[in-house]
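Trainee: Going from the sequence shown to my numbering is simple: count from 1 and add 1120.
A hint or two may mislead.
[Claimed, not checked] Dumping the calculated DMTMM-like pairs for lysine to aspartate or glutamate here, alpha-carbon to alpha-carbon at most 25 Å: (1) Lys1270 x Glu1361; (2) Lys1235 x Glu1361; (3) Lys1190 x Asp1416; (4) Lys1190 x Asp1129; (5) Lys1277 x Glu1335; (6) Lys1279 x Glu1324; (7) Lys1190 x Asp1146; (8) Lys1271 x Glu1361; (9) Lys1279 x Glu1361; (10) Lys1321 x Glu1203; (11) Lys1235 x Asp1274.
What the hints contain is simulated information worked out from the structure, not anything from laboratory work. All figures in this text were calculated on a predicted structure; none of them were measured in a lab.
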Amino acid sequence: MYSGLKNRDILTLAELSQEELKIILDVAYNFKLRYRTGERIIPVLQGRHLAMIFEKPSTRTRVSFETAMKELGGDVIVLHASEMQLARGETIEDTARTLSRYVDGIMARVYEHYKLEKLAEYSSVPVINGLSDLHHPMQGLADVFTIIEKKGRDVSKLKIVFVGDGGDNVAHSLMLAIGLLGGRLIISSPKGYDPHPSVVKLFEETASKYGGSFEIVRDPWEAVRGADVVYTDVWVSMGQEKERERRVRDLEPYRVTSLLMSYAKNDAIFMHCLPAHRGEEVTDSVIDGKWSVVWDQAENRKHVQKAVLALVIP
């Protein structure tokens, strides 16, 4: 197995080259194939331990990481931040130094991205971003894996459209992942909901090397016309509850409905990272309809995370 990623942190996807991203996807494909043919345990991480730190509630991230690690022969330690000494004032730096003496890798799901950067700086074992306010790289990997699975390996031929909040962490990671593969992402969002400048800078420094690009199209009908892939996410993420009224008002024209999907290609797919606020950013007729691949997309979180764990944990 490729050793160039051993002991590497994955915080944004911008740490990866195109070759490394493709290696992760290839390893994930192999793991999924072996899983589907009945090989449920592949003990490449036997005797290894992964610490999983949660500041935010989780369904998919926790279950997909825990099953992935155990199916690789390893084990996990689930740590809720409110139950750790972090909640009593221990620094992130000291937490990272201590955990590094106990475990072989750290996955953290946090509110602020800087906490992951601090963990990575002071940890001697690899740190994996399980979600932050700016990035959701494991979701981005699952997204491009699903797109390739459904639409073929050459994403440069596809029209991929994200509808809704372009400053969303999922939109950011999708943008970086598609860009690293030389594809083009269209973001359809209202003014004030564009990608964060720090993410645009990362994109310009990395993904643009491979011919990747993104553009903003305000009109969702124009954006979706002829699309191969239509993606959306919730309008109000954890930590944004006080902004709910304004965000719902601003983003209401960007709801993904059957009518909007009819502007896409006949064989277009619909994607959502979940959980969905049904009736808000997407209607039942879409998420449960012929376009939807959201359950395959959710399953693929486990397979790409298996690949990441197997490749980065020493």
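Trainee: Run every hint past the structure and note whether it holds.
Mentor: Hints, verified against the model:
With a CA separation close to 34 Å, the supplied pair Lys1270 and Glu1361 exceeds the 25 Å bound. A distance of roughly 21 Å separates the Cα atoms of Lys1235 and Glu1361; the hinted pair therefore holds under the 25 Å criterion. Proximity of Lys1190 to Asp1416 is assessed by CA-CA distance (about 21 Å); at most 25 Å being required, the pair is judged to hold. For a cut-off of 25 Å, the pair hint linking Lys1190 to Asp1129 stands: about 20 Å separates their Cα positions.
For a cut-off of 25 Å, the pair hint linking Lys1277 to Glu1335 stands: about 16 Å separates their Cα positions. Among the hinted pairs, Lys1279 with Glu1324 is consistent with the structure: their alpha-carbon atoms are about 20 Å apart, no more than 25 Å. Taken as a hint, the Lys1190 and Asp1146 pair is honoured in the structure, with Cα atoms around 20 Å apart against an allowance of 25 Å. Between the alpha carbons of Lys1271 and Glu1361 the distance comes to roughly 36 Å, so the proposed pair goes past 25 Å and is violated.
Under the criterion of a C-alpha separation no larger than 25 Å, the hint pairing Lys1279 with Glu1361 is inconsistent with the structure, at around 32 Å. Of the pairs offered as hints, the one joining Lys1321 and Glu1203 is violated, with about 36 Å between alpha carbons and a cut-off of 25 Å exceeded. Straight-line distance between C-alpha atoms of Lys1235 and Asp1274 comes to about 35 Å, which puts the hinted pair past the 25 Å bound.
Of the numbered hints listed earlier, those contradicted by the structure are 1, 8, 9, 10 and 11.
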